[in-house]
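Could you put together the complete structure from these sequences and hints?
Each protein sequence line maps, in turn, to chains A, G and X.
Position one of the first sequence corresponds to residue 1 (the working numbering), numbered consecutively onward.
Position one of the second sequence corresponds to residue 220 (the working numbering), numbered consecutively onward.
Position one of the third sequence corresponds to residue 705 (the working numbering), numbered consecutively onward.
Chain G is nowhere near these chain A residues, computed Cβ spacing over 10 angstroms in every case: (1) Asp3; (2) Leu70; (3) Glu93.
Sample of chain A residues at the chain G side, in silico, Cβ under 10 angstroms: (4) Gly141; (5) Gln154; (6) Asp187; (7) Met190.
I should point out that these hints are in silico values taken from the structure, not numbers from a laboratory.
Don't be surprised by glycine CBs; every beta carbon is placed ideally from N, CA and C.
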Amino acid sequence: MVDPLFAQLSTLAASLALLFGLLLLWRRNLGSYVDAFQSQSVVISLLFCVVGYFGEDPQLYGVALLFVALKVWLMPRYLRKMQQRFAVEREREPYLNVPSSLILAGVAVILAYALMRPVVALSNLPTRGGLPLALGLIFVGLLVILTRKKAFTQVIGFLILENGITVLALLGTYGIPLIVELGVFLDALMGFLVMQIFIYQLHGTFESIDVDQLNQLRH
Amino acid sequence: MTFLFLLLPPLIAALLAGLVRPTRAWVARANALLSLIPLGAALVFAAQAVAGQPAATFGPGELLRADSLSALLLLCVTGVAVLALFLGPNLGPDSHYDAEQLRRYQIFVNLFIGAMLLAVSANNVGVMWVAIEATTLSSALIIPLSLNKASVEASWKYILIGSTGIALAFAGTVLAYFDFVSLVGPIANALNWPVLLGNAHALHPEVIRLAFIFLLVGYGTKAGLAPMHTWLPDAHAEAPAPLSALMSGVLLAVAIYAVLRWKAVVDALLGPAFTNNLLIGLGLLSMVIAAFSLVIQRNYKRMLAYSSIEHTGLICLGLGLGPAGIFAALLLLICHSAAKSMLFLLAGGILQRYQSTSIASVSGLLKAMPWTGGLFATALLALLGLPPFGMFVAELALLKAGFAQDAPWLMAAVLLLLSVAFVSLVRHLNQLLYGPVPAGVAVGESFSWRSALFCLNLGGLTVLGLTLPAPLMILLNQIVGIVTK
Amino acid sequence: MSILLDFAQGVLALALAPGLVGLVRWFKARLQNRRGAAPWQPYFELIKLFGKDGVVSNNASWLFRAAPYVVFGSTLAVAFLIPTIFAPQALGGVGDLLAVVYLLLLGTFCLALAGLDPGTAFGGMGASREMTIAAIAEPTLALAIFGLALEAGSTNLGQIVAQTLGNPALAVTPGHLMAFAALFIVTLAETGRLPVDNPATHLELTMVHEAMILEYSGRYLALIEWAAGLKLLIFFALLSNLFVPWGLAVVLTPVSLLVGVAVFIVKLAFLAGVVALLETRVAKLRLFRVPELLSLSFVLALLSVISSFVLR
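Following this line, the structure appears as structure tokens:
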């Protein structure tokens, strides 16, 4: 039976992606964040292949390859280089402490399930079970951006937000039109490079990548 | 064909600036001249629309399309781009930026303008999204043109909040695409706006409601709607003057354009009530936050930025007041683009002379720089809605629309907030204009071609205020027709 | 007949418990390149302790003397209720998931009170630390098994086991896997293993469970140590039999019962090896970091409940 296997695999992959996202709220050192992001990207590229195989869309294999090149190889490489520069920095005291952020993330996933109920009810794709998990991943990414102090963590939070949207598009519609997909990849790459430049500038100007230091501009 | 004249010149200008190393003065002049070509193309599109011709399309799968709404926004973008590229006082020979910074500025400001033009002329909402994200990236790179703590902080907030907002807008796009595909199947042109609009009545309400909330939050972040506005005062204040003019004048307009396109689709399915309520709510919140922040401002560039937030709120409020409200909102959009861009460019000149952005250190503007001071004062009064300028007519139209929609208390609140902003801005203006000139500031200014261009701009605003030219009237009515079909 | 078998199952668990503790210690010793005591050393320790007098502080009250019996009794009661060799049917009407959780909590609570009772500094410190850990671990335990219960449609542990036996594909759903991870972390927390608590230390900086029982001696200590071993066995039994129930006797024939005993011992030994390996590899977490680990397990349990709830 092909359908249940497809559904199970896609839900399993989406859950793994969400769990790797939760790692960002749990761990404190920057290296583990890069590992979590890389593992999550590996899982998502496997998900691309699964959907491409069961959904009979060979284009998705190409997209998976592009995804691997960009998010499993290129971005983690730059991120690790950056992280070695700022190896001393860890998330010592985030704006929201770890247990509270984890519990808030759990609540956010419940909210995602509630919000996506009409969407899941509408869809007749076998991958619809993973849709709330994708929205949950988006919320977790937002939570990381809002509650973490280091600019580096905020960038990785943004990257997993994008991953969440990718999973949403993948599970909901088996991917988006190719030209938009290419544009999105280009934007993701450019955005990442720009953020990288800014973190180096931040470090150069403020002697730290702690966002708490950004209090020059008030009112 | 005209599309090539629209989109290629900024790319060529960016390429030119990139290739010439170190940058020379003639590159800046060439860029300025190149910016006239898109203006011509925009005028052509507007004329075609007014004449009643069907929307021009171009590219495989009708990638680019210019209907009346696009034509209006194209006019705004290219107009302000011309102003910014011709009149950037900080980028003349006496500016304090070095050659490398100037070169970086030339490359990215042209890419920025090109991205905005693409966003407004794209037919595919996915490509529109890509272009708006590109505007975030290209403008973010030149906000910290001179690296200091304030500009780095501003640019970091801008890129993080802007990109997050845009990502959420993409999530909304995906949800809408999902609904469309589950209905019609993955056809090639599924994300084309006319196709979406045509099939909107058959989509599913709950999904589209969720999608619109994501889209409003996402594009609203770029437009400066509260509560996602926190990046705006910092970014617009720390950017170099011409970039602030472009960002405040037209980037906010482009974001509102995106919201309006999606509003048309959602309203075709759910009726206008849902989006109207959301837009009025967020618009009012933005106006409240902006009006009360204006009271305590100490930096004249941040003051102008908060005024932008207030006007974004006002425009969104107008969009939620039915067809007459949309008409008024579009008029407000045009007048705001014209006036705000001028104000930021003049503010750049003031910064260059006084070497400070705090209101307390600037005084005696009328004595030290009579032309700049006079033009600044006039433009600010035009922005505040004084007759005989266009903003007065636009605000009056908004109030009329509000009363027609049976919302007298809302209009009373709007009037109250507008007067709070008025009083604060005029108070700050008085501090700037009068009083003794501080020591160390040169006195005197001669009338130059720059001031002449600004006078021309003000003249345009006056014309809008005294009489609404017939072509513009036709264009605006067409747009209202498209959006409320 | 089946009541007798249930009873025998509980007695077997009681008999195996000290051996399990010894086995974990033996594995750890071997992994650390020591010879270590034999795995049946704890039996000799218990015999020794039962023969000695219990010394009780002057400041202790009746609670101090009663607590070991309460702890031992409640833990033994749980041993009767959980599936070790087969899913208990006769006692199924008496005990289910909630009974198990509450009985375990009763034991923890009494032990904490007993730690406070003599009025020593170590006891109070151990009790407060234990309560911090238990506050998050107990709900997680309930939630983790509740996710499974939702799928089975009942909180009866026998029913849960039957559900997984009847539908093998369920064992690898994300809900089950997350519940397993959550329950594993809770096991480490509740039984006082690294990285939450070091069972081999008596340093003030690192004690939790040992601090509470520091004042005990003689037969009281014997009961408490036995109860601790029994608790470890109970958690291992829950981990292995709720999630990997193959090997449990489904019909009550002598052959299947013997197979059940053998499989159970194998599962216990495997989990003992895993825990020993983990204890050797991982350093103890600083106390303020323990809630972080436990809240992660709580969220995992929550997610498994949500996914079971939605997919039901």
